[in-house]
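K.L.:
Here's the letter readout for the chains.
There are 2 protein chains.
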Amino acid sequence: MRDHTRRDFLKSFGGAAAAWPFAGRSMAQHGEVAEAAGQRRVSGSVLMPPDQWKPLGYAVVGIGSIAMGEVMPALTKTKRSRLTGFVSGHPDKARHFAQLYGVPENNIYNYDNYDQIASNPDIDAVYIALPNSMHAEYTIRGAKAGKHVLCEKPMCTSVKDGEAMIAACRAANRRLMIAYRLHYEQYNLEAMKMCHEKQFGPIKMVDAEFSFVIGNPKQWRLDESLAGGGSMMDIGIYCLQAARYLTGEEPLSVYAQTWSSDPGKFSEVEENISFLLSFPSGVIANCYSSYGIDGMDRYRAAGPQGWIEMEPAFVYSGLVQRIYKDGKFTTTWPSTWDQFAAEIDAFSAAVQLNRDIATPGEEGLRDMKIIAACYQSARTRQSVALT
Amino acid sequence: MRDHTRRDFLKSFGGAAAAWPFAGRSMAQHGEVAEAAGQRRVSGSVLMPPDQWKPLGYAVVGIGSIAMGEVMPALTKTKRSRLTGFVSGHPDKARHFAQLYGVPENNIYNYDNYDQIASNPDIDAVYIALPNSMHAEYTIRGAKAGKHVLCEKPMCTSVKDGEAMIAACRAANRRLMIAYRLHYEQYNLEAMKMCHEKQFGPIKMVDAEFSFVIGNPKQWRLDESLAGGGSMMDIGIYCLQAARYLTGEEPLSVYAQTWSSDPGKFSEVEENISFLLSFPSGVIANCYSSYGIDGMDRYRAAGPQGWIEMEPAFVYSGLVQRIYKDGKFTTTWPSTWDQFAAEIDAFSAAVQLNRDIATPGEEGLRDMKIIAACYQSARTRQSVALT
Numbered sequence: 002m003r004d005h006t007r008r009d010f011l012k013s014f015g016g017a018a019a020a021w022p023f024a025g026r027s028m029a030q031h032g033e034v035a036e037a038a039g040q041r042r043v044s045g046s047v048l049m050p051p052d053q054w055k056p057l058g059y060a061v062v063g064i065g066s067i068a069m070g071e072v073m074p075a076l077t078k079t080k081r082s083r084l085t086g087f088v089s090g091h092p093d094k095a096r097h098f099a100q101l102y103g104v105p106e107n108n109i110y111n112y113d114n115y116d117q118i119a120s121n122p123d124i125d126a127v128y129i130a131l132p133n134s135m136h137a138e139y140t141i142r143g144a145k146a147g148k149h150v151l152c153e154k155p156m157c158t159s160v161k162d163g164e165a166m167i168a169a170c171r172a173a174n175r176r177l178m179i180a181y182r183l184h185y186e187q188y189n190l191e192a193m194k195m196c197h198e199k200q201f202g203p204i205k206m207v208d209a210e211f212s213f214v215i216g217n218p219k220q221w222r223l224d225e226s227l228a229g230g231g232s233m234m235d236i237g238i239y240c241l242q243a244a245r246y247l248t249g250e251e252p253l254s255v256y257a258q259t260w261s262s263d264p265g266k267f268s269e270v271e272e273n274i275s276f277l278l279s280f281p282s283g284v285i286a287n288c289y290s291s292y293g294i295d296g297m298d299r300y301r302a303a304g305p306q307g308w309i310e311m312e313p314a315f316v317y318s319g320l321v322q323r324i325y326k327d328g329k330f331t332t333t334w335p336s337t338w339d340q341f342a343a344e345i346d347a348f349s350a351a352v353q354l355n356r357d358i359a360t361p362g363e364e365g366l367r368d369m370k371i372i373a374a375c376y377q378s379a380r381t382r383q384s385v386a387l388t
Numbered sequence: 002m003r004d005h006t007r008r009d010f011l012k013s014f015g016g017a018a019a020a021w022p023f024a025g026r027s028m029a030q031h032g033e034v035a036e037a038a039g040q041r042r043v044s045g046s047v048l049m050p051p052d053q054w055k056p057l058g059y060a061v062v063g064i065g066s067i068a069m070g071e072v073m074p075a076l077t078k079t080k081r082s083r084l085t086g087f088v089s090g091h092p093d094k095a096r097h098f099a100q101l102y103g104v105p106e107n108n109i110y111n112y113d114n115y116d117q118i119a120s121n122p123d124i125d126a127v128y129i130a131l132p133n134s135m136h137a138e139y140t141i142r143g144a145k146a147g148k149h150v151l152c153e154k155p156m157c158t159s160v161k162d163g164e165a166m167i168a169a170c171r172a173a174n175r176r177l178m179i180a181y182r183l184h185y186e187q188y189n190l191e192a193m194k195m196c197h198e199k200q201f202g203p204i205k206m207v208d209a210e211f212s213f214v215i216g217n218p219k220q221w222r223l224d225e226s227l228a229g230g231g232s233m234m235d236i237g238i239y240c241l242q243a244a245r246y247l248t249g250e251e252p253l254s255v256y257a258q259t260w261s262s263d264p265g266k267f268s269e270v271e272e273n274i275s276f277l278l279s280f281p282s283g284v285i286a287n288c289y290s291s292y293g294i295d296g297m298d299r300y301r302a303a304g305p306q307g308w309i310e311m312e313p314a315f316v317y318s319g320l321v322q323r324i325y326k327d328g329k330f331t332t333t334w335p336s337t338w339d340q341f342a343a344e345i346d347a348f349s350a351a352v353q354l355n356r357d358i359a360t361p362g363e364e365g366l367r368d369m370k371i372i373a374a375c376y377q378s379a380r381t382r383q384s385v386a387l388t
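Going down the list, the sequences are from chains A and B. Numbering-wise, the working numbering puts 360 at position 359 of the first sequence, and it's gapless, one number per residue. Numbering-wise, the working numbering puts 65 at position 64 of the second sequence, and it's gapless, one number per residue.
If you are wondering where the hints come from, they were derived from the structure by calculation, not from laboratory data. By construction, the Cβ of each residue, glycine as well, lies at the ideal position given by its N, Cα and C atoms. Just so you know, not all the hints are guaranteed correct.
A few chain B positions that, by computed beta-carbon distances, are all more than 10 angstroms from chain A [unchecked claim]:
| no. | residue |
| --- | --- |
| 1 | His97 |
| 2 | Arg142 |
| 3 | Glu191 |
| 4 | Tyr325 |
| 5 | Leu366 |
| 6 | Ser384 |
No farther apart than 30 angstroms at their CA atoms in a straight line, the calculated lysine-lysine pairs in the BS3-like style are these [to be verified]:
| no. | chain 1 | residue 1 | chain 2 | residue 2 |
| --- | --- | --- | --- | --- |
| 7 | A | Lys329 | B | Lys266 |
| 8 | A | Lys80 | A | Lys194 |
| 9 | B | Lys329 | A | Lys266 |
| 10 | B | Lys266 | A | Lys199 |
| 11 | A | Lys55 | A | Lys145 |
| 12 | B | Lys154 | B | Lys326 |
| 13 | B | Lys219 | A | Lys199 |
| 14 | B | Lys326 | A | Lys219 |
| 15 | A | Lys161 | A | Lys266 |
| 16 | B | Lys161 | B | Lys370 |
| 17 | A | Lys266 | B | Lys194 |
| 18 | A | Lys326 | B | Lys329 |
| 19 | A | Lys219 | A | Lys161 |
| 20 | A | Lys55 | A | Lys80 |
| 21 | B | Lys326 | A | Lys329 |
| 22 | B | Lys219 | A | Lys326 |
| 23 | A | Lys266 | B | Lys326 |
| 24 | A | Lys370 | A | Lys161 |
| 25 | A | Lys219 | B | Lys199 |
| 26 | B | Lys145 | B | Lys370 |
| 27 | B | Lys55 | A | Lys219 |
| 28 | B | Lys266 | A | Lys194 |
| 29 | A | Lys370 | A | Lys194 |
| 30 | B | Lys94 | B | Lys145 |
| 31 | B | Lys329 | A | Lys329 |
| 32 | B | Lys266 | A | Lys326 |
| 33 | A | Lys329 | B | Lys219 |
| 34 | A | Lys266 | B | Lys199 |
All chains, please: the whole structure from these sequences, using the hints.
P.N.:
Structural data, given as structure tokens:
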């Protein structure tokens, strides 16, 4: 069934997917979700007749800011996906949102009885929106309960955990996707395409920086045991992703330096990290993330004929693309794309139509390995080779 | 005389100079030239009565593109400076420009009889606009001939040469300035001031990138013996300068990687260099220069309250400043400032009024040491400490 569907899909796509050179993924895998989410399409796609799938039911695991502010509202806009359950340590909060979103109270679980979702047919998948260090446990338990797993970034806090998550999903024959939402966002998809098609000639430099000033000093992001690291884990990972998806290459080595301006606030994790990635073609990416700088949010990929830039590049909406090519500038309107809706429907489509996923567990694991190398480089002040 | 003039100047400046913390230099030293060059002023200044000085007469040494396109036209706009001689290996070219700019034919010299400028009272100073590796010899011979020296960047091609240039000018009691024109440019001066006054809070990151696609593969910039290096020497030095003048700090260590996409064209010097500078406050600067990328020309300095950016930052005119502070953006019109006129008149003012120079030989020498460390780092793939 899977091969058949995939073949039909590629056929309908007119062969463009095969010509698109991004690390073995097809443009279609990124782009098809646009139509599924009812938004403007990036490129040609085909929808299966609606009777061949039912909307995928999601339980949101963890009711923090990203779940409340982004995931739940997005699930009111999705076409292939709906909100059908909650897993939370706060029963009152869960009941509040269950009422708000019309979710039956029976579909509320806590961290102890989480595994009982196995017997709930309303729940096909879980959206893991917990602090980083909990991603592995709740992904593995979700898969063992027979559910597909869409897990927030970073995938986890160690390479070992990432491998265990992939193995658990594979063993349970469940799909696993990391919520790298920019792989499902129009302007970023266009940027990837332009770079991979060498529209500026071969890319020779990428830079990327992402920062915000972190508030509450008691939050989990500053707790190493929950976050697994500092600004690198939370936002530097976007810079790393951009460097990888714009070049379409995997880094051969990294060099990184970390520092913090406030040793009290940043006693466990780094405030600032500068990291440099060296790619096989020679291109170097300069990246910087910080929990102590306001409002940096951009990347640029540059070649002999010019460059493409996004600023903002990484936030949830309002992204702006700026292109300099052959001596002329063009710029776009800010995006209004709902990145979360697109991302969630992309996962649903992959499950429903048995398609490949643009950002599977393996994609998250690759980042975990590179981030571990960055931290090793920062500790040793040596360049670290990646294998 | 020197102390007296300097004291009067500082007094008239109302004490602001003393409060301005840039590495021992005063804002006045940078800013006063604005009025001397007849352009909009950056900050308060005072001119000496005109009878206390006569315009400084400059011989331009080397008639290449920067001399023809920038230095000579600028010398028609200066108030304290005038074009009075040429030193060139091309007598026809020299005669052509002597006629064009009303310079007596007797004031044309070649590289053999250059030292005879000693007896020419029309020539008070030389503007060294030769390929990099010739800067040392022609600076030293100029000083020995009793002339003040304004020398293009990079100062030279080795630390040893830089030291010899400073020693020669000191021995001859002549002034030496490196033509770092952005120290005499309005928006860059404002950027320095805002950063040093911590208007964005303490700066936590600087990035800078400068690139163009180099044309003629036979040009001296690609010849190691003439250029002393590749894009780092020619344009990366602007990124290095920006990191230093925006932070107002000197780097403790550097890490750099070089690479070239075309081993034929770049057989002697690097096409691309990425370098990372670590400063005492912790701040890291990420810099990139390239001879193979079109149109990168910017820097940003960022802190907890926002950032200041210039793009373009480094070219001769049309610079634009962009500020993000407290959640709001502001941007300037492109600059129309004549950077070369301001820079040349600043040197004349320093000679005429016996003032300190914002960018003396020592400033150039510091860059030569850092550049040497960058190349060492690129060779060894190790971070290199600066002493």
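K.L.:
For the pair supplied as a hint, B:Lys145 and B:Lys370, confirm whether the alpha-carbon distance does not exceed 30 angstroms.
P.N.:
25 angstroms, holds
K.L.:
Holds or violated: B:Lys329 and A:Lys266, Cα atoms, limit 30 angstroms.
P.N.:
27 angstroms, holds
K.L.:
Hinted pair, alpha-carbon criterion (30 angstroms max): B:Lys266, A:Lys326. Please report holds or violated.
P.N.:
Answer holds: B:Lys266 to A:Lys326 is near 23 angstroms, not above 30 angstroms.
K.L.:
Confirm or reject: B:Ser384 is not an interface residue toward chain A, with every Cβ-Cβ distance exceeding 10 angstroms.
P.N.:
5 angstroms, violated
K.L.:
Run the C-beta distances from B:Tyr325 to all of chain A and say if the shortest one exceeds 10 angstroms.
P.N.:
5 angstroms, violated
K.L.:
A:Lys329 and B:Lys219 were given as a pair; does the straight-line alpha-carbon distance stay at or below 30 angstroms?
P.N.:
28 angstroms, holds
K.L.:
For a C-alpha distance cap of 30 angstroms, please report whether A:Lys161 and A:Lys266 respect it.
P.N.:
28 angstroms, holds
K.L.:
Has the given pair, B:Lys219 with A:Lys199, been kept, meaning a C-alpha gap of at most 30 angstroms?
P.N.:
27 angstroms, holds
K.L.:
Starting from B:Lys94, check that the Cα of B:Lys145 is at most 30 angstroms away, please.
P.N.:
Holds. B:Lys94 to B:Lys145 sits at ~26 angstroms (cutoff 30 angstroms).
K.L.:
Compare the distance between the alpha carbons of A:Lys55 and A:Lys80 with 30 angstroms, and conclude whether the hinted pair is satisfied.
P.N.:
10 angstroms, holds
K.L.:
Verify the proposed pairing of A:Lys55 with A:Lys145, using a straight-line Cα cut of 30 angstroms.
P.N.:
22 angstroms, holds
K.L.:
CA of B:Lys154 to CA of B:Lys326, is that 30 angstroms or under?
P.N.:
33 angstroms, violated
Hints 4, 6, 12 and 27 from the earlier list are contradicted by this structure; the remaining hints agree with it.
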